[in-house]
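There are 4 protein chains.
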Amino acid sequence: MNSFGQIFRVSIFGESHGECVGITIDGCPAGLSLSPEDLAADLERRKGGKHKGTTPRQEEDFPIFKSGVFNGKTTGFPITILFENKNIRSEDYTKQRSIPRPGHADWVAHQKFGGFEDYRGGGHFSARLTAGIVAAAGIAKKLMKGLNIHAEVIEIGGNKDLEKGLQNAIDAKDSVGGIVECRVNGLPAGLGEPWFNSVESVLAHIVFAIPAVRGIEFGTGFAAAKMFGSEHNDAIMEMDGRTKTNHAGGVVGGITNGNELVFRLAIKPTSSTPKEQKSLNWDTEQVEKFSIKGRHDLCVALRAPVIVEAVTALVLCDFMMLEQKIPRIIE
Amino acid sequence: MNSFGQIFRVSIFGESHGECVGITIDGCPAGLSLSPEDLAADLERRKGGKHKGTTPRQEEDFPIFKSGVFNGKTTGFPITILFENKNIRSEDYTKQRSIPRPGHADWVAHQKFGGFEDYRGGGHFSARLTAGIVAAAGIAKKLMKGLNIHAEVIEIGGNKDLEKGLQNAIDAKDSVGGIVECRVNGLPAGLGEPWFNSVESVLAHIVFAIPAVRGIEFGTGFAAAKMFGSEHNDAIMEMDGRTKTNHAGGVVGGITNGNELVFRLAIKPTSSTPKEQKSLNWDTEQVEKFSIKGRHDLCVALRAPVIVEAVTALVLCDFMMLEQKIPRIIE
Amino acid sequence: MNSFGQIFRVSIFGESHGECVGITIDGCPAGLSLSPEDLAADLERRKGGKHKGTTPRQEEDFPIFKSGVFNGKTTGFPITILFENKNIRSEDYTKQRSIPRPGHADWVAHQKFGGFEDYRGGGHFSARLTAGIVAAAGIAKKLMKGLNIHAEVIEIGGNKDLEKGLQNAIDAKDSVGGIVECRVNGLPAGLGEPWFNSVESVLAHIVFAIPAVRGIEFGTGFAAAKMFGSEHNDAIMEMDGRTKTNHAGGVVGGITNGNELVFRLAIKPTSSTPKEQKSLNWDTEQVEKFSIKGRHDLCVALRAPVIVEAVTALVLCDFMMLEQKIPRIIE
Amino acid sequence: MNSFGQIFRVSIFGESHGECVGITIDGCPAGLSLSPEDLAADLERRKGGKHKGTTPRQEEDFPIFKSGVFNGKTTGFPITILFENKNIRSEDYTKQRSIPRPGHADWVAHQKFGGFEDYRGGGHFSARLTAGIVAAAGIAKKLMKGLNIHAEVIEIGGNKDLEKGLQNAIDAKDSVGGIVECRVNGLPAGLGEPWFNSVESVLAHIVFAIPAVRGIEFGTGFAAAKMFGSEHNDAIMEMDGRTKTNHAGGVVGGITNGNELVFRLAIKPTSSTPKEQKSLNWDTEQVEKFSIKGRHDLCVALRAPVIVEAVTALVLCDFMMLEQKIPRIIE
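Sequence lines, in order, name chains A, B, C and D. With the working numbering as the guide, the letters of the first sequence map in order to residues 1 to 331. With the working numbering as the guide, the letters of the second sequence map in order to residues 1 to 331. With the working numbering as the guide, the letters of the third sequence map in order to residues 1 to 331. With the working numbering as the guide, the letters of the fourth sequence map in order to residues 1 to 331.
Source of the hints: derived by calculation from the structure; they are not laboratory data. It cannot be assumed that every hint is accurate.
Since the list gives no way to pick out one identical chain from another, each pair is judged satisfied if it fits inside one copy or across any two copies.
Here are the simulated DSS-like cross-link-like pairs (lysine-lysine), alpha carbons at most 25 Å apart as the crow flies [what the hints assert, rightly or not]:
| # | residue 1 | residue 2 |
| --- | --- | --- |
| 1 | 173 | 160 |
| 2 | 73 | 325 |
| 3 | 325 | 145 |
| 4 | 142 | 325 |
| 5 | 47 | 164 |
| 6 | 275 | 289 |
| 7 | 293 | 278 |
| 8 | 160 | 145 |
| 9 | 293 | 47 |
| 10 | 289 | 278 |
Using the sequences provided together with the hints, build the complete structure.
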């Protein structure tokens with residue numbers, strides 16, 4: 001299913017080289033002032049082509065409100081936002097069709113959808129669909145005043161000096177992975193539940209919806225597995241729940257404890273490496289050498305922070321509404 | 001919400017020191033032969049007290065079928081399974097009540113539920129509820145013949161020699177974390193979808209429902225963030241999708257590709273360390289020294305594998321039913 | 001699926017002649033005082049055998065709280081309530097097994113579940129499962145102070161003189177149908193939405209879950225189809241939305257308008273009539289004469305009002321929680 | 001929520017006088033050939049202005065596929081269909097704004113959404129949104145070969161002679177209600193479940209999503225409440241479940257029994273009657289006389305059949321997919 005959320009619920013649709021990509025947001029309170037300008041800054045961040053190592057494909061990425069906004073305010077009904085696809089070069093993909101690209105969804109899509117999938121530019125698998133997610137998150141962010149969500153790349157190709165990490169890849173004429181860290185401040189205690197509705201569960205769920213994510217850890221994460229309990233435990237120091245350390249990353253028992261929410265993601269290297277590769281040719285049934293053409297990011301991690309912030313905002317907004325911390329009418 | 005799954009759906013209930021813990025499984029096909037013996041082996045594995053480093057609390061853990069089974073077979077209607085709580089020593093917890101235990105849900109539960117939560121033995125937060133999950137998974141496993149799900153601890157306290165890792169903790173009189181790895185063989189290609197219903201999303205969701213899990217990674221995981229694309233890409237070698245390497249861990253584009261499914265979890269050290277700690281006393285509003293009493297695992301990671309297998313089985317069974325790979329009547 | 005509700009969510013399980021029937025309520029706020037006595041009056045009303053025309057089967061119907069209640073108050077976690085089955089005479093049903101009873105689910109259950117269904121006493125289809133629904137509704141009613149939900153039989157066998165309608169059936173040695181009307185006072189305006197979450201949609205959904213219901217109408221209902229618009233329209237007379245007439249039955253555009261909520265249900269005659277009938281014998285594949293044995297209501301409509309009130313309470317409670325009209329902690 | 005369905009799931013959006021109305025269909029199998037022409041016949045039937053008593057508003061109602069269709073076939077991913085709004089005369093509504101129209105959602109919408117709702121032409125409440133529903137149903141119908149769903153008006157203003165019933169309203173210069181009957185042939189036995197997923201529950205749910213529906217009855221319906229059990233019971237005559245009579249209307253125990261599915265709906269008279277009415281003026285807080293302007297149907301029941309067929313198709317398609325009676329890839 002292409003929907004997510006319980007009260008503040010998003011549904012995505014569209015293909016990379018089809019007419020458009022888009023999103024519908026259901027459950028947004030009425031009365032929130034909303035214009036394309038509110039979404040512009042994050043949509044601009046999401047775009048490629050701005051810095052070294054990102055794809056030169058340039059879409060206008062202008063959010064077209066098709067419903068749910070009236071006189072500049074949300075109506076309480078579904079908000080559908082479209083992004084038209086204009087800057088398309090599908091021929092790159094048609095040529096490539098006989099060899100399912102390693103690391104890409106070509107083979108699984110073909111196997112699962114019987115060849116009926118729109119393979120151009122990754123079709124529905126394309127990261128272009130995150131335009132809708134970033135737009136929806138712009139609304140979520142407006143609903144959560146006082147919350148600060150910040151994600152950034154903290155490592156490229158194992159290198160904390162990001163310039164150097166990227167330069168290594170450029171020198172190697174190869175793509176490269178990275179680590180993204182997200183921190184949220186200003187979050188109330190009491191969001192989430194133990195078990196299936198834990199904050200970690202729901203965040204991890206949506207984070208793995210982002211293409212190229214291969215791992216997530218909260219707080220100290222994998223390093224916690226190497227620690228003793230007396231080191232890892234965060235001593236509570238104040239009546240408001242503030243702890244001395246924050247190994248938990250702000251979530252205990254599935255519930256936010258009012259401390260900074262912290263998690264990190266592993267982003268794999270872009271599958272579309274400029275390097276020559278070997279893989280199976282479907283038509284000849286032979287393993288062949290080939291090279292990938294098209295416009296691609298060298299390091300997709302560089303484009304991930306705004307998307308990570310976006311999915312985080314969607315999840316937190318939904319939790320806030322479940323806890324009645326956002327009213328049904330904004331005035 | 002305490003339910004999970006779309007077609008094969010489980011709902012958990014109960015408290016550690018209440019009358020019982022239990023689970024209801026909705027959506028199970030009719031006609032599957034089912035008896036308590038089918039669930040016995042995994043329930044036995046789940047129990048503590050068997051090896052060094054696990055809690056000496058011993059419950060009988062006998063699954064009582066309350067509904068949905070007739071003449072030894074499933075009826076197609078909800079199966080409710082109860083585990084009675086007998087071996088309870090709540091006084092340990094009452095004494096502790098004034099100091100919310102670091103790493104435990106005491107503080108967040110109190111904050112969120114206004115003090116009405118059942119705090120005895122962790123109440124609804126207790127890992128004892130995994131008895132129901134393991135039982136439900138026993139049913140899921142019977143529905144998925146030919147599938148092999150295997151999880152094991154591969155590291156304790158940073159040590160791949162598990163005996164040594166555990167001995168370090170015993171020597172330090174401290175609890176310790178660990179890494180659990182899960183591998184699934186025999187899985188068909190084509191389970192899952194891109195975006196919100198990706199195999200990684202749904203697995204990560206349920207895995208973080210397990211208490212003490214702090215991270216998850218698929219395939220090469222966090223190490224992928226340090227790699228070049230040409231290293232990480234798995235070349236497809238056969239028409240059935242088999243790849244030369246398996247850095248993807250069996251999932252590409254959110255969809256299983258028929259290769260081995262591989263993921264690893266970071267398990268934090270047991271919060272109930274035997275070590276003396278400092279934390280806030282709610283009544284005195286002072287930070288005080290204290291020690292935790294009660295029966296606890298030194299390394300909860302040791303008890304995790306059977307639970308990790310269980311949640312994996314639940315998720316895969318649901319995906320299999322969505323793909324019509326399990327019939328509505330088993331004959 | 002055997003679950004219903006978005007935030008205040010119930011899940012039913014059990015069989016008529018199995019170990020028990022029961023329900024789990026998820027999403028109930030913490031802090032509500034709750035004891036079996038709170039549920040006793042409605043459970044007593046639900047029982048048969050009290051008046052002419054209802055089954056003499058007598059169950060104790062004592063609600064056993066298995067989870068979610070601590071120190072006499074709800075904890076905010078799932079509340080599971082069991083009703084043990086004690087007064088069972090399954091031999092009546094075993095004898096009957098070769099002829100699927102007309103009006104009953106015997107044939108469809110056998111066809112759908114391949115003969116694995118628990119057929120004794122209707123199994124999971126039995127109205128005995130409404131014990132759980134009535135219990136859950138007792139909780140919902142406590143959460144909605146100031147709301148008055150009242151249902152009653154207003155017609156038996158086409159007769160508004162209920163005694164006479166029932167006597168006709170007794171004289172005819174036959175079962176008989178009836179009409180139940182439900183009225184809710186004190187409901188706030190603003191519950192529900194147009195389209196799929198309309199108050200009528202959700203109420204109708206759950207009302208048809210009650211066995212034997214064959215129709216539902218809101219306000220003037222089917223009679224509205226014979227009217228002119230100028231007759232049917234309810235003129236708004238007051239700023240609080242009160243209307244001169246109430247043909248709408250309190251719901252306009254799917255949303256409550258603050259007037260009395262009114263709907264009526266058609267209940268079919270009990271399928272287990274004492275009259276001799278003809279139907280197919282599965283074993284002989286011949287149409288044969290037969291008579292139904294067992295303890296049955298002559299007019300199930302007589303037992304419906306408390307169940308109709310119950311499902312109404314469940315739906316309204318969920319709508320109230322969606323609109324943030326019930327807090328997460330009751331103090 | 002503006003979504004409906006479990007596997008074959010639709011989400012509607014849009015407003016009567018906004019940019020568009022539309023629908024997204026998620027869960028449609030891949031490989032179904034699909035073009036606007038497939039949807040044309042039913043969309044044409046849905047349009048007003050064709051016969052006496054329907055609104056002269058004429059929209060082109062051309063379905064624009066925005067996603068999910070590639071090379072003329074469905075891809076297995078969300079299909080979004082838009083209908084642009086062109087033929088709009090909003091000034092009719094602006095003038096009317098001070099008096100909430102009786103029978104319409106004006107008052108409840110204003111109360112619930114704080115005045116932020118798009119009131120033009122009923123906004124999101126408008127029957128214009130059924131264009132999307134009819135389009136989605138066109139897809140569902142293509143997936144269910146061999147199924148015949150037919151709805152028709154069987155009574156207008158209490159008159160089975162439809163011409164006469166309509167003429168009475170025209171003569172009275174008033175709007176009028178009617179009865180719509182829907183019959184489905186070719187349906188397999190075994191769809192649905194007892195309780196919350198009964199065929200009656202889910203059909204009633206979606207049927208009450210249609211504006212102006214005030215009642216629904218299955219089979220003999222309300223008349224069953226006047227019958228004896230021996231009259232109402234449908235004797236099973238054949239091993240395939242065929243019954244002598246069909247008072248049940250094809251559903252027993254919530255499950256289809258393979259006989260014709262039959263249900264009837266009460267449709268209220270169009271709220272926008274040409275007659276002068278009295279109601280409250282919000283601005284003056286006085287009850288005033290007023291008349292409704294704008295283009296409206298005299299008898300909305302006349303436009304209902306195609307919509308009733310549509311929602312029926314959506315529900316049945318979802319049930320068929322749950323029962324694995326429609327494959328995931330159509331070839």
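Hints and how they fare:
1. Taking the shortest Cα distances, residue 173 and residue 160 sit within 25 Å of each other inside one copy (20 Å), while across copies they are farther apart (36 Å).
2. For the homomeric pair residue 73 and residue 325, the shortest alpha-carbon distances inside one copy (20 Å) and between copies (24 Å) are both at most 25 Å.
3. In this homomeric assembly, residue 325 and residue 145 come within 25 Å of each other (Cα to Cα) both inside a single copy, at 11 Å, and across copies, at 23 Å.
4. Within a single copy, residue 142 and residue 325 get their C-alpha atoms as close as 14 Å, and across copies as close as 24 Å, so both meet the 25 Å cut-off.
5. In this homomeric assembly, residue 47 and residue 164 come within 25 Å of each other (Cα to Cα) only inside a single copy, at 23 Å, whereas the closest approach across copies is 50 Å.
6. For a Cα distance limit of 25 Å, the shortest separation of residue 275 from residue 289 inside one copy, 10 Å, qualifies, whereas the shortest one across copies, 59 Å, does not.
7. In the homo-oligomer, the alpha carbons of residue 293 and residue 278 lie at most 25 Å apart inside one protomer (14 Å), although the nearest pairing across protomers, at 59 Å, exceeds that limit.
8. Taking the shortest Cα distances, residue 160 and residue 145 never come within 25 Å of each other, neither inside one copy (32 Å) nor across copies (46 Å).
9. Taking CA atoms no more than 25 Å apart as the test, residue 293 paired with residue 47 passes inside one copy only; the shortest distance there is 20 Å, against 48 Å between copies.
10. With identical chains, the CA atoms of residue 289 and residue 278 are at most 25 Å apart within one copy only, with a shortest distance of 4 Å there and 62 Å across copies.
Of the numbered hints listed earlier, the single one contradicted by the structure is hint 8.
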